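*Asks:* For reference, the chains in residue letters:
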Amino acid sequence: MEFPQQNIINSWLEENGDPAVTKLVEKNLAIANKIHELLEKRGLKAVDLARMLDKKASEISKWLTGTHTFTTKTIAKIEVALGDDIIHVEPQIKFVRVKIWANDEQEEMQFQASEIFTKGTDFPKAS
Amino acid sequence: MNDSEISLFEEFVVFHGKQNREKLQHVLSWIQTIGDKYGAQNHLFRSEAFISDTAALPPNGKDRKPCFNESGEAKANNLRLYCLRANEHVVFLFNGDVKTANKAQKCPNVKEHFLLANQLTKVIDEAFKEGEIQWNDDLTLLIYSNDLKLYL
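Same order as they appear, the protein sequences are chains S and E. Each residue of the first sequence is one higher than the one before, counting from 1 in the numbering used here. Each residue of the second sequence is one higher than the one before, counting from 1 in the numbering used here.
Just so you know, these hints were derived from the structure itself, not from any lab.
Result set (DSSO-like, lysine-lysine): computed pairs, CA atoms no more than 27 Å apart in a straight line:
| no. | chain 1 | residue 1 | chain 2 | residue 2 |
| --- | --- | --- | --- | --- |
| 1 | S | LYS55 | S | LYS45 |
| 2 | S | LYS77 | S | LYS45 |
| 3 | E | LYS37 | S | LYS27 |
| 4 | E | LYS37 | S | LYS41 |
| 5 | S | LYS73 | S | LYS41 |
| 6 | E | LYS103 | S | LYS56 |
Small disclaimer: the values here were computed from a predicted structure and weren't measured.
Model the full assembly from the supplied sequences, consistent with the hints where possible.
*Replies:* Structure follows, in structure tokens:
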């Protein structure tokens with residue numbers, strides 16, 4: 001058996017699919033997958049999360065199938081229970097490029113995770 | 001199946017592409033995303049075992065599932081596609097229909113598909129045991145004769 005280059009699923013979706021539905025399904029699966037990862041990382045099972053949230057284990061299992069459309073309220077409760085964020089909507093700035101003048105020489109530096117702003121600096125000002 | 005020129009799954013797509021277009025898209029998008037990103041992990045499938053290890057897509061439940069809106073109201077997706085999850089890389093897709101009763105055996109729509117999927121799962125499982133269907137080295141593809149026929 002060779003892996004088919006074209007298959008009926010991709011063909012049908014290309015021709016008939018609603019991009020909004022595709023996006024919804026992708027998001028639901030991504031959230032479910034993240035919850036599954038967080039549970040595994042902490043050595044927890046669906047039944048443990050059920051206990052934390054006062055839900056039935058069967059309901060949590062169904063969440064993990066990736067077909068449930070979560071409300072932000074439910075996501076927030078899961079994030080609090082597991083102590084980690086499932087979704088990130090804040091701007092994610094990892095690198096800031098700045099130019100520094102020291103002793104009349106210009107240097108270009110890159111700071112990871114914006115540490116120059118979060119930790120403060122004592123760079124001498126250009127005169 | 002028998003002498004049909006199209007597979008059970010193709011019949012499913014053709015029929016529900018006309019009858020249940022939006023529900024079908026949820027199921028197909030879900031399969032596509034699983035195939036592209038996550039693999040057929042066990043927790044994504046719901047057991048529909050009767051005489052064998054048949055599963056169904058999507059998992060059952062109220063107020064969830066491919067959750068979509070009909071007349072502005074959230075509805076569960078009751079379109080069932082029966083399948084056999086062989087491993088994370090290979091899933092046999094059969095046929096299905098809109099489920100209208102709690103138990104598949106009691107639903108006039110899905111009963112036939114449910115029983116057939118279970119029978120097919122059983123003969124495929126036997127073909128694996130007999131070596132008529134084998135795995136490739138990295139367990140991502142199946143190896144079988146082009147003229148392989150399975151009998152119910």
